[in-house]
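Trainee: Assemble the complex: chain F is given as a structure, and chain R must be docked to it using the hints.
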Amino acid sequence: NAGVTQTPKFRVLKTGQSMTLLCAQDMNHEYMYWYRQDPGMGLRLIHYSVGEGTTAKGEVPDGYNVSRLKKQNFLLGLESAAPSQTSVYFCASFPGDASSYNEQFFGPGTRLTVL
Amino acid sequence: AQSVTQLDSQVPVFEEAPVELRCNYSSSVSVYLFWYVQYPNQGLQLLLKYLSGSTLVESINGFEAEFNKSQTSFHLRKPSVHISDTAEYFCAVSLESGAGSYQLTFGKGTKLSVIP
Chain F
1 NAGVTQTPKF RVLKTGQSMT LLCAQDMNHE YMYWYRQDPG MGLRLIHYSV
51 GEGTTAKGEV PDGYNVSRLK KQNFLLGLES AAPSQTSVYF CASFPGDASS
101 YNEQFFGPGT RLTVL
Chain R
1 AQSVTQLDSQ VPVFEEAPVE LRCNYSSSVS VYLFWYVQYP NQGLQLLLKY
51 LSGSTLVESI NGFEAEFNKS QTSFHLRKPS VHISDTAEYF CAVSLESGAG
101 SYQLTFGKGT KLSVIP
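Going down the list, the protein sequences come from chains F and R. Okay, so the first sequence: first residue is 1 according to the working numbering, each after it adds one. Okay, so the second sequence: first residue is 1 according to the working numbering, each after it adds one.
Honestly, the hints are just simulated from the structure, not real lab data. Be aware that one or more of the hints could be misleading.
[To be verified] Calculated cross-link-like contacts (lysine-lysine; reagent style DSS-like; alpha-carbon spacing at most 30 Å):
#1 F:K70 - F:K9
#2 R:K111 - F:K9
#3 R:K111 - F:K57
#4 F:K71 - R:K111
#5 R:K49 - F:K57
#6 F:K57 - F:K14
#7 F:K57 - R:K78
[Stated by the list, open to error] Listed next, the stretches of chain F that the computed footprint assigns to chain R, with coverage defined by at least 3 CB atoms under 8 Å from CB atoms of chain R:
#8 9-18
#9 61-67
#10 70-81
These figures come from a predicted structure and were not determined experimentally. Even glycine gets a Cβ: it sits at the ideal position worked out from N, Cα and C.
One chain only, chain F, in its complex shape:
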């Protein structure tokens, strides 16, 4: 099991450019999440999905879009990148059943810099 993987690991964008971050999990988990981590802010939820074909907004969704076309993949898109989106992005997944007690499994992160 690779667990949760994220592509790419690093990326530098110019203001206004677009990009897509890919999260993949091989654990057959129902729920997937995108967080951003900024110094002194902890992790903040951007968007999440409770199953294939579903998405929902989290705490800080503005400027991002997501898609969950396949159960194992959760894509995070930036249509027009801004310097305020410079951050480390983490993907996480969760089985979705009560016996898992809400424990989430995290990917290694994507470090994004917007110039």
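Mentor: Okay, now just chain R, sitting in the frame of chain F:
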């Protein structure tokens, strides 16, 4: 809505000394509590969790945390730290059930620096 407060943003401690990282939460309903650890340039790993039962939970690498319902706290402790414990530690809470129970709310993190 639930919230998590980690009272210290940075904690320096000498090697082999004890350490306590403080975490307080607020919620009007029953919660699950977690501590995650993030080593430099890595993702988050679950360190330990409280679900129910015994209020003292332990990890495999010597950390323990005690759930205190009356004080709404879940402080993390280790009696003797190692250099390898240098990392950022995040406290998190989720509702046991109901709407939003599949979401984690994180504290802002505590950076533990172990000094040789």
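Trainee: With reference to the structure, classify each hint as holding or not holding.
Mentor: Checked hints:
Pair hint F:K70 plus F:K9 holds up; C-alpha atoms about 21 Å apart against a cutoff of 30 Å. Restraint check for R:K111 and F:K9: the C-alpha separation of about 23 Å stays at or below 30 Å, so the hint holds. The hinted pair formed by R:K111 and F:K57 meets the criterion: a straight-line CA distance of about 29 Å does not exceed 30 Å. The straight-line distance between the Cα atoms of F:K71 and R:K111 is roughly 35 Å, outside the 30 Å bound, and the hint therefore fails.
The hinted pair formed by R:K49 and F:K57 meets the criterion: a straight-line CA distance of about 26 Å does not exceed 30 Å. Between F:K57 and F:K14 the CA atoms are separated by roughly 25 Å; this keeps the pair inside 30 Å, and the hint holds. For the suggested pair F:K57 and R:K78, the alpha carbons sit about 37 Å apart, so the restraint of at most 30 Å is broken. With a threshold of 8 Å between beta carbons, the proposed coverage of the region 9-18 of chain F by chain R is violated, since 0 of its residues qualify and at least three are required.
Given as covered by chain R, the region 61-67 of chain F fails the check, having 0 residues with a CB less than 8 Å from a CB of that chain where 3 are the minimum. Counting residues of the region 70-81 of chain F whose beta carbon lies closer than 8 Å to any beta carbon of chain R gives 0, which falls short of the minimum of three for the stated coverage.
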